[in-house]
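Student: Using the sequences provided together with the hints, build the complete structure.
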Amino acid sequence: GEDVEQSLFLSVREGDSSVINCTYTDSSSTYLYWYKQEPGAGLQLLTYIFSNMDMKQDQRLTVLLNKKDKHLSLRIADTQTGDSAIYFCAETSGYSTLTFGKGTMLLVSP
Amino acid sequence: NAGVTQTPKFRILKIGQSMTLQCAQDMNHNYMYWYRQDPGMGLKLIYYSVGAGITDKGEVPNGYNVSRSTTEDFPLRLELAAPSQTSVYFCASSRDNEQFFGPGTRLTVL
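Keeping their order, the protein sequence lines are chains P and Z.
Residue numbering for the first sequence follows our numbering, starting at 1 and increasing by one per position.
Residue numbering for the second sequence follows our numbering, starting at 111 and increasing by one per position.
Because the hints were derived from the structure by calculation, they are not lab data.
Wrong hints could be hidden among the right ones.
[As the list claims (entries may be wrong)] Listed below are the simulated DSSO-like cross-link pairs for lysine-lysine, each with C-alpha atoms no more than 27 Å apart in a straight line:
1) Z:Lys154 with P:Lys67
2) P:Lys70 with Z:Lys154
3) P:Lys102 with Z:Lys154
4) P:Lys36 with Z:Lys119
5) Z:Lys119 with P:Lys67
6) Z:Lys154 with P:Lys36
7) P:Lys36 with Z:Lys124
8) Z:Lys154 with Z:Lys119
9) P:Lys36 with Z:Lys167
Tutor: Here is the structure:
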């Protein structure tokens, strides 16, 4: 089946930029997503990008998509302690069903 | 709008018991989904529905059943609970390309 891979852990200092990476295998992916999950909570959609785009910027968030390499990244500028959470990459290619990665735990230290 | 609501928040079952996890949304979304999240893992799709009266299997449907008699409700049924079904269950609904998640139900089967 289709697969989405992420690194499991990232640690940064407050004020630094964070870059979370994701690779996927489905060449027919139409949309790619980044979700945030705080402890004990559900998933919150942060941003998504259509597969014919290379980049999308939304305030402190920048998404880069390299469709040739099937690589997606999320950059968080000026990372804050409130950004500490698990970040999930996900893709869809039909019926809006999503395939998720295992999540990257971002730890922001003061 | 309440968004996507799930009940109960927590439940402990004995092996062989049955239960129904409730999910409701008030956004008039046609698409609804059930996922399970195991520790350290991403979300796996159990069942989904593209509208009232229509359901389909996801990646991990065994041991579960669903129904969709109304647009608003999408209950998930466990008939004979097994320890392997210990997990956090998330319901979601979507319009266009954005999925909205409920807060989750934490189920333990002992």
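Student: Hints broken by the structure, by number, lowest first?
Tutor: 5, 7
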